[in-house]
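Mind docking these for me? Both chains are given alone in their own frames, and the hints should help you get the complex.
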Amino acid sequence: MSRIGVEFVYAMVERPNTAGRKKVPMDWSDSAAQATFRAEVREFLRVRLPDPYRTAADGEEASGWQADRKSADPARRETAIEWANALAEKGWVAPHWPTEFGGAGLSVLEQFIFNQEMATAEAPAVGGMGVSLIGPTLIVHGSDEQKQEHLPKILSGEVAWAQGYSEPGAGSDLASLQTRAVRDGDDYVINGQKIWTSGAQFADWLFALVRTDPEAPKHRGISFVMMDIKTPGLTVRPLTDMGWQQPFNETFFEDVRVPVRNRVGEENRGWYVGMTLLDFERSGIAGATQYAREITTLVDFVHTDAGKGFARPDFATTRLALADRRIETEVLFNFAFRIVSLQNRGMVPNYEASANKLFGSELHQRLALTGTRAFGLYGNIWDRETPRAPLEARFTRDYVRSVPHTIFSGSSEIQRNVIATRGLGLPRG
Amino acid sequence: MDLGLSETQELLKNAARDFLENECPEALVREMEEDEKGYSPQLWQKMAEQGWQGLLIPEEHGGAGFDFLDLCVLLEEFGRALVPGPFMSTVLGGAVPLMTAGSDAQKAEFLPKIASGDLIFTLALTEPSARFDEQGVQCQATVSGNEVTFTGTKLFVSDANVADYMIVAGRSAAGITLGIVPTDQAGVEVTSLLTIARDKQAEVKLNNAKGQLLGANGQGWALLAPVIQRYTVAECAYLVGLSQMDFEISVDYAKERVQFGRPIGSFQAIQHKCADMVTDVDGSRFIMYKAAWSLATDQPAAEAQLAVNMAKAWTSEATRRVVAHGQQIHGGIGFTKDYKIQLYFRRQKRAELAFGDADYHRELVAQQLGI
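One line per chain: the protein sequences are A and B, in this order.
Residue 6 is where the first sequence starts when you use my numbering, and the numbers rise one by one after that.
Residue 17 is where the second sequence starts when you use my numbering, and the numbers rise one by one after that.
If you are wondering where the hints come from, they were derived from the structure by calculation, not from laboratory data.
The model shown is predicted, which means the values in this text are computed figures rather than measured ones.
Just so it is clear, CB atoms sit at the ideal spot from N, CA and C, and this is done for glycine as well.
Where hints are given, some of them may not hold.
FRET-style restraints, in silico, Cβ to Cβ [what the hints assert, rightly or not]:
1) Pro318(A) / Glu150(B): 26 to 36 Å
2) Asp284(A) / Pro316(B): 29 to 39 Å
3) Glu94(A) / Ala318(B): 31 to 41 Å
4) Asp319(A) / Gly347(B): 34 to 44 Å
Excised from the complex, chain B in its bound form (with noise of 0.2 Å):
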């Protein structure tokens, strides 16, 4: 029984958090809000020398071999620099699912590319219905030997903009059906959607959108099962540091800012905020990596589903308690464009309905609880 860092899970945070204070400072965060691709490709090379898009891939085909919870280490980082970019798009909607389900040869097809930081992928899971059952799946999956053609639209496709390879689902007549799509083909239209957090989603309408067979015919669902677990507790990971740096600015504008003579921080109005905001950014990290333990050590199946649930039940909603007490504290300043801190209210968002919002995992949970 323990709950702390290993040495190299420290060593690895230390070194993301002092290596993106340097290379993705606020202003690149506001420049990538309003940049066509989204992301800067300078900073993307520079991550991919890190190690940290092939962080999760065994070294046999390029990556660093480190395991989930390590993972989820660097993405608190991520959070906390609101670093824009196709990095969990790629990493957990492509790398965990070509882990997850690749053949050797589709491993070692693209594996070490996107280790090395040359491919990007997105995962097109959810459509118009904006579910994330295996009912939201109704795209048109055509099988045939090793090929599977798409035809639907899908939506709310996180970077599509500037993906390579999309893991597409679909529903043949087998079941639900995983295919990987090359972008660059007639049969796929990306339509960029303005988002509450400007990042980069996208409607993408896929006609006779020609890819290759991930894992057998009707078994996708099956098979992307722990690929929305991982991607569920990463995004809780995220909301972990966007929170933790929500609260840090917020409790330091609290010291500095002056009304009647005090700092506001010394108003027990305020400080009473900022013990609450505490509190829910520590229940969040703790229940994130709960989670994460269960899901990078095998703990039995039902409890690593009941700890995902609660994992982002629980984040979704304190996250979002957080960075609303954020605004609050910061009064006039704190919802205009050029202060900092509505960067991390806007983000909370998306991360909190990302893979289910906490109604969402709430109802699940209840029903794990047989109620």
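Here chain A stands alone, though its shape is the one from the complex (with noise of 0.2 Å):
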């Protein structure tokens, strides 16, 4: 019989008795010293989180920190200039980056106190794909001037960065993509099209994966490269989703000039840079906290007066539905440790993180569903503003948000794929 390696086989390493409690290795509970780092975030959280964010209901769709930042209403450029400086003060903006790049050089374990605690409060992070990816892969693979050009206005919040990967042909086959960049003296011309490149309406740059050379086998012909959003020639164009908003756009290519000196990484490596495993925290903590929150506030609802009047008369099955997704919460934030754990012992997830997205994702449907029935006939309502939204319609706007979770950053099918053949070592097929 084969030892599939799928069992937390890593030894534990002992630690000082803490607390006067028992030794137990495994361990749910903080350190003294996480204890400590994280009672630092709340209070930080609780005394420098601007009252509108602390106030919002659940955030819309399309907004969070990087359309504040270029709202028109001059109230939510400033808040998300204060929230940005707020957290800049603490190295907080980029707390999983280096000291020496302007983070605060967290480990994963502080990172994902951090995390959860963010989320907890329902604080938005800032600073988008620019912290969270292009600054990272700047930092694994930039040259030294990529990243003196780049990172300070990452971590100032004066840059906000767009992410272009997917194309019309290119999804979940993306190494298939074919956006064109033909090499002419210091320059690469661009031509092609990108699509689901989210927040690239309110991005200043735009970092993307484009064909350098067609003939090669299609992962190695690659470049990463990056641009000035206002580049001539290329154009944004947002699509407007099912529920009304408009999260991501479309961005078209004719003969964008790019200079070669903004390729990260070498001609035809860009799919290995743009695919690196950056070294920080990714449990996807955030996802578990909210719904585990999402849960408190319906359970507190329908005990209301007001929950009382839009809870349907036959809530039994309801009750146990959210019985169960309160139970998968738990399973959900046990899948996050195990990240943070493997990532803590200087392991790369592999397998591990893809069943965190699958669950994690096909979570949220289930309790946005669960959510949604709890209503009854309610579960209509769309408008948030209207005295019959039971919870400001957050479930049945949740249920149609959560239909991209299962197929953004690789598909329920995908992430299947990827645990059978990666992590169990099944044939490909």
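Have a look at this one:
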């Protein structure tokens, strides 16, 4: 019998006994130092999180910090800047970046705690894809000039980034992308189209995967380039989603000239630059935290007088479904916890990250379904302002908003393929 | 914060796996399905030499003094190997209540003999009502000094056919009351049940069966609460090991079985089942350990209780999905008696039902959430 590498077989590092409790290596609770750090983050959020973020219901779909900083409403712009400055004081715009690049250099477990507390407070992350993707990519693969040019502007919030990976003909099969970059002197000339470029309408720069060698095997003819989003020939057109929001765009390239020095990594090695497993906390703990809170919100609501008026009379089925969702958030928390636990021992999560995304996204949809079902016909209501809307229609909206969750960043089908082939060693089809 | 095994637990796990691969092969599992006793006394003694019956028992009473989390690591391996016999009955149904509720004299009398493999215990809790709550205990208990006499019917009593003693829960004028009842008396009549897992469960008729009082008269339910919590999580640990093995066997089979000129494991229809299996097994493992950790480290009572109920609710259902997928991946060969996968399928049901299935625990979770 082969032993499939799916059990958590890593040996535990013995740690000092804390708080006089019996020493148990497997431990869901904070160490003394972790508890101190958590308290620090919590206190910071209590004092510094701007009131508009504190009192927001759930974030409107296409908003978030990146949209706020370009908002027509000056109050929203000011709030975004105030919050970014507060985080910057602590080095917490990019808590996972090394300190030499302006991050806080937090350990993965500290990042886990930080992200958990941010999610608990419903505090928006600052810096978008600049902080989460292009910054760390540049730290690993960028030239000194590229780091000096871009990293400070990401941290200051001066420049926001969007990602151009997917194309109309390259979704799950991303490496088949066809947007073409042809070398012309010191420039690449780019023609083609990207799609699902999230937040591009609010972004200043774009990083993209483009084909530089159409003759090479598909993974080996791709380069990773960065460009100012106002470069002539580049057009961003928002796409309206099924919830009337515009979270993403189509991006068109017509003879867009990008200097060769804006390429990250070697020519034709862009796939590997883009797919680098960046070494920071990637547990997705925010999801588990958010879903648990949603359940609490719903349970609290149905006990209020207003909530009783909305809850369907045959609530018994919903009640048990809610219990299941609560149990599933516990499972999701543990999947997230496993990821940081692996990372904390210097291991790179493999199929575990796919399991996490798969389970989290499908739970998100189940939770939205349970939430809408709780209110019977009131599950119709989309308008968040009307008094006829239970909980500002958040579950009905989430029922629509959660649809893409099992599609983007690798669909559920792709995640299951990854688990089966990379994780379990089943033969590729 | 961490999620991993200690060095000691790694050693325990590896030693148990090696030992059970040698000492508890599939042939023994099958043989015990049709054996009258349902366990191998030789294996029982060897397990005692490994220190397993006494794993939880303090050193002063001849045990190893490990904690409950360590026991769950071991029980995962028991599930993997489908170890037949009265181990859980003796440890969870005997040693744990004795450690929880026993007097010094009772601990000194029984615990060393449990650790040495000389005594088999079981817990006689459920009755024909098949309830796990206090109302389920209707068996009559009459207390006289340190002696208690029971009259009533206990049902689904594991390993009663070989137990030397039963921890019996009955109802006296003062409330639920526990007793340590020797089985070699006229007032104890054991009738074996033929079960889906071919394990040994019995109907036990008690007719003025006499025993020692365990804990105070009327205090039995409070004393049983930690026993039931631990037994419930122990069943989860067994299910985790069982479903892990079912999953591994199924993935190996999918790699080897060729149809349409290729291994069936290359088909996404099979791959996606395997992906769901590992997600369910892993999810079960961590939620089980969370509950075990909560009990082993004395987390606040309400949190620990919720962790136990969530663990059994999830594990009961997730492992059922795993063994169902296991059967489907195996196709026709899977439902023959000769092939091993069905051994896991049938045993999953026993442990799924033990101490409450998902429906039972989900309801308790709902109550604790305040809905």
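Hint check results:
1. Pro318(A) / Glu150(B): 26 to 36 Å: 31 Å, holds
2. Asp284(A) / Pro316(B): 29 to 39 Å: With a Cβ separation near 36 Å, Asp284(A) and Pro316(B) satisfy 29 to 39 Å, so the hint holds.
3. Glu94(A) / Ala318(B): 31 to 41 Å: Holds: the Cβ-Cβ distance is about 38 Å, inside 31 to 41 Å.
4. Asp319(A) / Gly347(B): 34 to 44 Å: Given a distance of about 41 Å, which is inside 34 to 44 Å, the answer is holds.
Checked against the numbered hints above, the structure violates none of them.
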